[in-house]
Structures are given as C-alpha cells and as structure tokens.
Amino acid sequence: QKEVEQDPGPLSVPEGAIVSLNCTYSNSAFQYFMWYRQYSRKGPELLMYTYSSGNKEDGRFTAQVDKSSKYISLFIRDSQPSDSATYLCAMRTGESGGSYIPTFGRGTSLIVHP
Amino acid sequence: DTAVSQTPKYLVTQMGNDKSIKCEQNLGHDTMYWYKQDSKKFLKIMFSYNNKELIINETVPNRFSPKSPDKAHLNLHINSLELGDSAVYFCASSRPPSEQYFGPGTRLTVT
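So the protein lines, in turn, are chains A and B. So for the first sequence, the working numbering puts the first residue at 614; every next one is plus one. So for the second sequence, the working numbering puts the first residue at 213; every next one is plus one.
Hints in this document: simulated from the structure, not taken from any laboratory. Be careful, since some hints might not be right.
List time: in silico DSSO-like cross-link candidates among lysine-lysine, alpha-carbon distance up to 30 angstroms [to be verified]:
| id | chain 1 | residue 1 | chain 2 | residue 2 |
| --- | --- | --- | --- | --- |
| 1 | A | K615 | A | K669 |
| 2 | A | K683 | B | K234 |
| 3 | A | K683 | B | K248 |
| 4 | A | K615 | B | K283 |
| 5 | A | K683 | B | K256 |
| 6 | B | K256 | A | K680 |
| 7 | B | K253 | A | K683 |
| 8 | B | K234 | A | K655 |
| 9 | A | K615 | B | K248 |
| 10 | A | K683 | B | K231 |
| 11 | A | K615 | A | K680 |
| 12 | A | K680 | B | K252 |
| 13 | A | K683 | A | K669 |
| 14 | B | K234 | A | K669 |
| 15 | A | K655 | B | K264 |
| 16 | A | K669 | B | K264 |
| 17 | B | K252 | A | K655 |
| 18 | B | K256 | B | K234 |
| 19 | B | K252 | A | K683 |
| 20 | B | K256 | A | K669 |
Could you build all of it, start to finish, from the sequences and the hints given here?
Dropping the structure here:
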C-alpha cells in the first residue's frame, strides 16, 4: 500500500458543478496537508495548506482534513473551465533534517467542460 | 520576475550522453530541491539542499550529481543518460517550515 493514495481520474464535470477531490493516507504521523494544482506542462503550485484536522476555506476552494479517518478532501465550488488541471495532494510530518519533504499523491486530473 | 526558473525547458538527447539542468530562485529561500515526475505523474524527491549543503539524497543512481554554487542555484548533472531517465525534472525551493515553490520543469527525453 502506498503512503498516499489518490485516484488519477480523469474526473469530468460540467461548469458550475461542485468538485470533490480526495486522498487517503496510511502514515498517522502526517500533520501538514497540502493541495497543489498543476496545469499541463507547468510546475505544481501550492493551492491550499492546512495543519492537523479541520476545514480551511479560500474563495471557491475548501480543504478538509479528517485525521481519524486518514482522509483529506478538496472541494471546488462553482467550477470553471480554468480549474481544469491535475490536483496533487501532499502531506508531511514535521521537520526532517532541516528540510520539509512532503509525500505526494499521484494527482487527479480534473476536466471542467463548458 | 519568475520565482523559480529552470533551463532548458526541453532536453532531447541520446543514451550515454551527459547533460545538465540549471535552476535558480530569486525568493531568498534557504532550501532547494530536485524532483522527478514520471509518466504516471508521481513526484519523487531526489535531492534537497539547505544553505548549499546536501540534506537529503534519496535512492538516486550516482550518475545524478547535484551542485549548489550558492543558495540561489541548484544544478543537476546527469552522466551516461539512460532511457529510464526520461521524465520531467522539477526544481523547487522553500524557506522551511513554509511549503515549496516549484519551477516550470525540464522535460528530458532520452532516445
């Protein structure tokens, strides 16, 4: 079993839909949870960052962490064609020898069609 | 004013050749990284440098050698390229404990 599991999709939704992207993990020591967005032929960019359990909202995006279930989610409201990208979850423990290296999921490809 | 830049963007070369990828960041970060992203989109850490010193070196063939001339630069040199080295290589930087900023990637194709 991989440390971080993420369905690669693709997930295809109509414009305006609510999108739910999810990851599960096995390492209970993970404390920091991130979502990155990666457009085609571009580098990943940090979208959301949360510590421990709970919700965090930023505009149309909501990140949710359930540590008891080892499950994290990213919700996108009123999805737009410009949201079409690959979404990678990432998570890490605390400091590791001076660097903070997250473990990434393989990414979910999202397609929002007009 | 790109934060993390890499050159070249595309690299096509033959097996057995030696090549280098350059990375520069203008964010003032102390820590820089090299990642490899394979065809299945998995992002794997290769190296991490903190203040020009190697911190993490994951299981990477010794044909790969990172060089950090200063805090703002982390280059990757690859000797004797193999077909399996074909991937997208990303440079990233951070100021721990904040998260990482990624460069645009270098798409390496070995023929």
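State the violated hints by number, sorted upward, taking the hints as numbered earlier in the document. 2, 4, 10, 14 and 16
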